Each structure stands twice: as C-alpha cells, then as structure tokens.
Amino acid sequence: MWSFIHKLGSPKWFYRISAKLQPWFWVAAAGLIVVGTVWGLLFAPADYQQGNSFRIIYVHVPAAFLAQSIFVSMAVAGLVFMVWKIKVADMAAAVMAPLGAAMTFVSLFSGAVWGVPTWGTWWMWDARLTSMLILLFLYLGVIALRGAFTSRDSASRAASVLAMVGVINIPIIKYSVDWWYTLHQPATFTITSRPAMPMDMWLPLLMMVLGFYSFFIALTLMRTRNEILRRESNKRWVRELVEEAK
Amino acid sequence: MSQPETAKLAPGLKPHLKEPSENLSLALKATLKRDLVLMLRRRGEVLNPLVFFALVITLFPIGISPDPNLLATIAPGLLWVAALLAALLSLDSLFRSDYDDGSLEQLLLAPQPLPALALAKVAVHWLLTGLPLALMAPVLGIMLALPGGSYLVLAISLALGSAILSLIGAIGAALTVGLARGGVLLSLLVLPLYIPVLIFGAGAVQAAIAGDPVTAHLAILGALLAVALMLAPWAIAASLRISING
Amino acid sequence: MAFDSFAAFIAMGGHAPYVWSSWVITLLLILGLVWHARFERRQLVESLKRRARRERARQQQGEQATVYPVDQGESS
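Chains as they are written, first to last, in my numbering: chain A, 1 to 246; chain B, 1 to 246; chain C, 1 to 76.
Honestly, I wouldn't trust all of these hints.
[Stated by the list, open to error] Below, a list of computed lysine-lysine pairs in the DSSO-like style, where the Cα atoms sit at most 30 Å apart:
(1) C/LYS49 with A/LYS87
(2) A/LYS12 with A/LYS87
(3) A/LYS12 with C/LYS49
(4) C/LYS49 with A/LYS235
(5) C/LYS49 with A/LYS20
(6) A/LYS174 with A/LYS12
[Stated by the list, open to error] Computed Cβ-Cβ distance ranges for the label pairs, DEER-style:
(7) B/LEU229 with A/GLY51: 47 to 57 Å
(8) C/ALA52 with A/SER151: 19 to 29 Å
(9) B/ILE62 with A/PRO198: 47 to 57 Å
(10) A/VAL35 with C/ALA16: 16 to 26 Å
If you're looking for bench data, these hints aren't it; they were derived computationally from the structure. On a predicted model such as this, the values are computed, not experimentally measured, just so you know. Note that beta-carbon positions come from the ideal geometry of N, C-alpha and C, so glycine has one too.
Make a model of the complete structure from these sequences and hints.
Structure below.
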C-alpha cells in the first residue's frame, strides 16, 4: 500500500495513471449531469410552494457541496504535501482552488437569485449564503497568497498552511453563522431544510451531485496533469512525451 | 548530558550555563521584555490603533445619523467592528521590524521552541494593542449611546476577542511578513477567520443590552481563545519559517 | 413531463429569469473551465515543443562549431 502511495507521489506515474482514469470521470460527469438536468428541469414535479423556481436547487446544492468539499480536499492535499513532501499533492491543491472558488460563486449566485421569487429580495443574510460568502473570501485568500510568493516552494507551503488553518475554521464559522442567523431572524424557511423530498425530486438532485463530483475529479486530473507538465518540463520523460504528442 | 564541566573561572564568577530546555523561561522572559521595551519606545505605534478606533467610531454617527436611538441599536456591532479593524491595523508591524533587521532569523535559530517564543511576542502585542482597545471601548460606547448594563461585557468580550484576534492575526502576519505588499493581503486572509469571534463578541454585548445572560457567549469566546492558544503558536512558527526561508 | 408545452417550459411558471440565469451561469462556468484546461494544455505542449526545437537547433549549431571552431563569445 505504501509503495502505491509513494508511486502516486511521482509526477510521472501520476501522469500516466491519470491518463487512463480521466476519460471515465469525464464520461460519468457528462452523463450524470445531462441526465440530471433533463430530469430536474423537465420531469421533476413543480414544488407546490415555490413553483418552478425550486429547480434552481439542481445547481445550487451540488455547487454548495462541491464548494465545501473542494476546500477540505485542498487542505488535505496541503497536509499531505507538508508532511510527506509529495509534490503532486501540492499541484492538485493549486489547481483545485479556482474551481472551488467558481463553485462557491455559483452557489452564491444561484442562492441569491433564488431569493428573489422566494423572499422578494436580491440578497438575504441567511446562514447559508453568509457562510458561502465567507468561504469565497477564504478561497480568494488562498489563491492570492499562493500568487504573492515568488518562490514556488514558499508559495506551496504558505498556501498549505492557510488552507489548513481555514479548514479548521470552517466548522467554527458555520456554527457561529448558524447561531447568529437564528438569533436575528425568525425561523424562516431555509432553502434545503424541507420535509423529506419525494423521490422524483430527490433522485435528479443526487445525479447532479454525483455528476458535479465526477466533474471535479475529472477537471482536477486534467489540470494537475497540466501542472505536472509545467513544473517537470525539464525532465526527460516530459521531453519524450512532448515529442510524441500531436 | 548533565551539567557541563566547570571550567576554571576567575574567582567571583559563577557559571550560569544551563541546558537549553531550562533556558526556556529565560528566553521567554527575554523575548517578552525585549518586545515590551521596543514597542513602548515606539509610542506612536502603540497609540495609532487607539486613535484609529476613536476616529472610526466618530465617522459612523457623521455618516449615518446622530440619532441616539439608532446609534444605540448598532453600537455593539460598530464598536466591535471598529476595534477589530484597529487591531488588524497594528498586526502588520508585529513581525515586520524584526524581519527587516534580521532579528527574526535569529529567533528562528534559537534552541528554544519557536512556538513558545512566537506566543511571547503575540502576548506583548495583545497587551499593548488589544487590551488598551478593550479598555477604551466603553468610553467610545458612551459616544454611541450604548445602553447601560453592557459596558463591562463590552470590555470583557473585547479583551477576550482581541486576544484571539492577535493570535489568528499573527498567523496571517507571519505568512505575509516577507511579501512586498503583504499588508493588504493580510486583511483578506485574516478577516474571514475573525468572523466567529465577531459574532459571539458582539452577540455578548447585545445580549447584555437585552438583559439576557451572557455566560454562554463569553464561554464560547473563552473556548475559542483556548483553541487558538493551543493551535496558533504552531501555525505561527510554521509560517515564520516559510517566510524566512522563502 | 412537468410542462404542457415548450413555451411553458421556457416560461418556468413566471420564474424564467431566475431558473435560466442560474443554469446558464453554471453551464457557462463549467464549459469555460473545461475549455480553459484544454487550452492550457495545448499551450503548454506547444511551448514545450518549441523549446525542444530550439534546443535541438542549438545543439546542431554546437556540433558544427566544434568542426569549424569559431570564436564566439557565447557558449551554446
């Protein structure tokens, strides 16, 4: 097992293995997202309370899940990099951040837009949106910090430390924002805390969530491969690879 | 290895060589004393955050409304946010002068554990920044028509909160001390992490105004402080090493 | 089907701008990210190829230089 992990750390090995894995995740992502979209937009019944605007859930929830999972993944990758000095982990962490920020933005945008027909306002300081907004700032901080260092090794280690500090804070932030919101607002209807969703509303949501996760893995594999090419460009295996590439 | 052999010393001289671990208290005391003296010499730097605090509090009634009823409702939040920003202002200089003149590198080379020494520096920073802000806040509260019964809670919550701010902020300061325009980045990094402290700190003051018990809020602040005391020194030490080696 | 007609589908019961803007933004971002990753890869491969070509050319020049030694200030 350990030799597997060690091999995973070798950029060359990771590059080869990811070449084989990538297509599967792309296919899964495309398939799940297309099916989930069609099902959610066309076939799922309209919500009796919110009408058709509830269909926003099919992008809002997957994006929100991803936004949080990606930050955790980034922190774990940073930890792996700091402790075991596996460079590929840092490369993955570096490419994950922008995707995480994008997903956070999608979650915020869709959440805010959903608020217009639901609450009649373009922005609502509810616990979810506020937590997402803070998460966006955390992402921007990690991205900015990584970009501010001239030495790549320092940049990697600084971003890892910040990601780890951030991930410890995320549950604290969520808890405190939840508490703050219930204190200051009457217990209003929150977007996803609803009574159990009927299956034909819930299944397309599951497909979208799985599809988004597949997309995350596929994109991360692809961008990490790019990063490997970029960082290891001096190695012979990269040169040989480039010769053969079309 | 026990006590080193006593070399032949001139009469009247006592050997004071100790093991590095025994030197820890010596080193801590030395660091505390040095930082205190240095900061007190730069009295302007110590006063700056306080003046900033007062200025910001002055700006709000001018920008919003002098109506005491309105000010009374927003006073807890205003005082907390202004104190938070004032503390943030003073963070950039926490390590900068030591970084510039090379004494930070010397600190890294010391045989004593860096987290402990870093904690000593943060303690001095809090004593000369956070604590004065906490003590000054009730005075400014009067200007914002802060309702009675909350002044003591204001001071206590700010004392606890500013200690947490100093600890978390020191992580950000350590990460950015080596960067060209690290000051702006520091705010981006640190403010999202401050939000739970703000929520519970301002919440404590608001609870005091409403006549509700504040023990829960202060207990949570205390817990956050305990967690910060345990974890932050290590993060600060790791960040200092990254900045120096970068 | 939850909708009676295509027009009803587009209208989304009056919530069209909200539903469609959310979906369109999401879709654009996802496609944009994919496009960007592929573009990045293409750029990298091309620049690496160019560099390999340059190095090969320089190497050949270097070989020629040993046959016809010319005093050049710069070593290849």
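Consistency of the hints with the structure:
1. C/LYS49 with A/LYS87: Distance ~24 Å between C/LYS49 and A/LYS87 Cα, so the pair holds.
2. A/LYS12 with A/LYS87: holds (11 Å)
3. A/LYS12 with C/LYS49: holds (18 Å)
4. C/LYS49 with A/LYS235: holds (13 Å)
5. C/LYS49 with A/LYS20: holds (23 Å)
6. A/LYS174 with A/LYS12: Since the Cα atoms of A/LYS174 and A/LYS12 sit roughly 39 Å apart, the hinted pair is violated (cutoff 30 Å).
7. B/LEU229 with A/GLY51: 47 to 57 Å: Taking Cβ atoms as reference, B/LEU229 and A/GLY51 lie about 51 Å apart, which means the hint holds.
8. C/ALA52 with A/SER151: 19 to 29 Å: For C/ALA52 and A/SER151 the Cβ distance comes to about 27 Å; the hint holds.
9. B/ILE62 with A/PRO198: 47 to 57 Å: Given about 55 Å between the Cβ atoms, the range holds.
10. A/VAL35 with C/ALA16: 16 to 26 Å: holds (23 Å)
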